[in-house]
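K.L.:
Below, each chain spelled out in residue letters.
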Amino acid sequence: MNCADVRLNLRDHQEGRLPPTTEDALQAHLVTCPDCAHVAAVDQELTDVLERRLPQHPASFALKRRLAAGWPVATPRRAGWRAWRPGHLAVTLAAAVLLALPLVYYERAALRDAGERRAMVAEAVNDHLRLLSSPQPLPIESGGLHQVKPWFEGRLDFAPVVGFEGDAEFPLKGGATGYFHDRKAAVFVYTRRLHPISLFVFRAEGLRWPASDGAASTTDERGFTVVLWRRGGLGYALVSDVDRRELSALADRLHMGGPDMAPQRSPRPGKPGARLGITRTLLR
Amino acid sequence: MSAVANEALAYVDALHNLARHLTGNPEDAEDLVQETYARALRAERQFTPGTNLKAWLFRILRNTFVSTYRRRRRDPTVGGLDTVDEVPGALDQAWLRNDFELDRLRKVVAEEIEAALMTLSEDARTVILLDLEGLSEVEVGQVLGCPVGTVKSRLSRARAALRLKLRDYAR
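Protein chains in written order, with this note's numbering: chain A, 1 to 284; chain L, 1001 to 1171.
None of these hints come from the bench; they were simulated from the model. Accuracy of the hints is not assured; some may be wrong.
With a straight-line cut-off of 25 Å between C-alpha atoms, the simulated SDA-like cross-links for lysine to any residue are [what the hints assert, rightly or not]: (1) L:1152 / A:56; (2) A:64 / L:1133; (3) L:1152 / L:1051; (4) L:1152 / A:18; (5) A:64 / L:1152; (6) L:1152 / A:28.
Among chain L residues calculated to face chain A with C-beta under 10 Å, some are [what the hints assert, rightly or not]: (7) 1016; (8) 1017; (9) 1109; (10) 1152; (11) 1162.
Derived coverage of chain L by chain A (criterion: at least 3 residues anywhere in the stretch with Cβ under 8 Å from a Cβ of chain A; other residues may be distant) [as the list claims (entries may be wrong)]: (12) 1007-1014; (13) 1021-1030; (14) 1033-1046; (15) 1051-1062; (16) 1127-1133.
For each residue, glycine too, the CB sits at the ideal point set by N, CA and C.
Turn these sequences into a full structure, and let the hints steer you where they fit.
P.N.:
Printed below as a string of structure tokens:
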């Protein structure tokens, strides 16, 4: 062993990590080499100085808390995993299922509601098209609302409440009985220029309404516009391919016409659309 | 994760000590340790259970430090002097023959030791501190990513450089 080998192995020599033969060779060299003996002595002193006097900088408690908070530590239970698993796994799973059930329920309910609302809109358009394609779309031609409304008596199990009898912009063309979704409906047909506009009136219960009672909801479907609202136990669906603004104007008149269609909340009664927020909704 | 996390947090003092000696200030040391644990958390799946977690964490800390300081090295005030390869053997030996200087070494104070250590290169400080931390040469090799033989030579040169620095403080 030469001097370079000795210097290289001094730490292992201090720590007793050298194989016996190497250790013997190193010690033999130190006996015969004063320079290496001094280096070994000073290096041992260096180790002592470092171990005893080199300042130590442990982590602060604040850092430890931050790390513990940032790196979640589970309670030690790895050793008991086999014993824990059969008994508690079922409980954990059951708890997870119980926790997840409301979420799943509400998510499914929300999806179901959205699906039913889309179905209502689609049904309104279908019923509108079905009426227009029928051989006799209007069994009762309009001579005015006072003629059309009595025609429904005996044909429906409810009395349709419609207060707007038509005007120059939206003349009432007539009425018919039809179906909306799964129930019978009174159909009032208005026109705007050459565009027919169907107003379906039907019993409101049992349907997923998109808005609260009295409020309207407007949706576009396949090029048609559908306005849905309900009031006093009756549901209303206004369907046409006219411009949304024009359909909004008719919706406003339908709400304003007739004493039984008095507004429930009307901050500015004289303003069209203010009664039920129809204009706001339609123009959205 | 729990087993790794539990054990990892047990090494925070040792990691912080190395970080403090590498960075030279408490703020950077805390940042370095936090970043080390953050990286360890992200790379937890890469750790093989049953292997040396302490060495793995030191390796992450060292790599984090190197990658961070690599960007800072344009600033000449950051980083120590790499004197590992500048050990004049004849001078070293002459000083060692002087028992009076050996006695002075025994009397250096903590601040002088720390100051001398900080003048060494980052690699020299790292290998000295990992050795002091009790890591074996194999483990130090895992941290530094080099074979045991390289660890031995680096450690020998680093300690020789530190002895030279302490000689100046001991005068």
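K.L.:
A separate judgement is required for each hint: does it hold in the structure or not?
P.N.:
Structure-based check of all given hints:
1. L:1152 / A:56: OK: residue 1152 of chain L and residue 56 of chain A at ~24 Å, within 25 Å.
2. A:64 / L:1133: Roughly 19 Å separates the two Cα atoms, so the pair holds.
3. L:1152 / L:1051: holds (22 Å)
4. L:1152 / A:18: holds (12 Å)
5. A:64 / L:1152: violated (33 Å)
6. L:1152 / A:28: OK: residue 1152 of chain L and residue 28 of chain A at ~21 Å, within 25 Å.
7. 1016: holds (4 Å)
8. 1017: Holds - the Cβ of residue 1017 of chain L comes within 10 Å of chain A, reaching about 5 Å at its closest.
9. 1109: holds (7 Å)
10. 1152: Residue 1152 of chain L check passes; min Cβ-Cβ to chain A is 5 Å, inside 10 Å.
11. 1162: Holds, about 7 Å.
12. 1007-1014: holds (count 4)
13. 1021-1030: holds (count 4)
14. 1033-1046: holds (count 5)
15. 1051-1062: violated (count 0)
16. 1127-1133: That given contact holds, which follows from 3 residues of the stretch 1127-1133 of chain L lying within Cβ reach (below 8 Å) of chain A.
This entry does not satisfy hints 5 and 15, going by the numbered hints stated previously.
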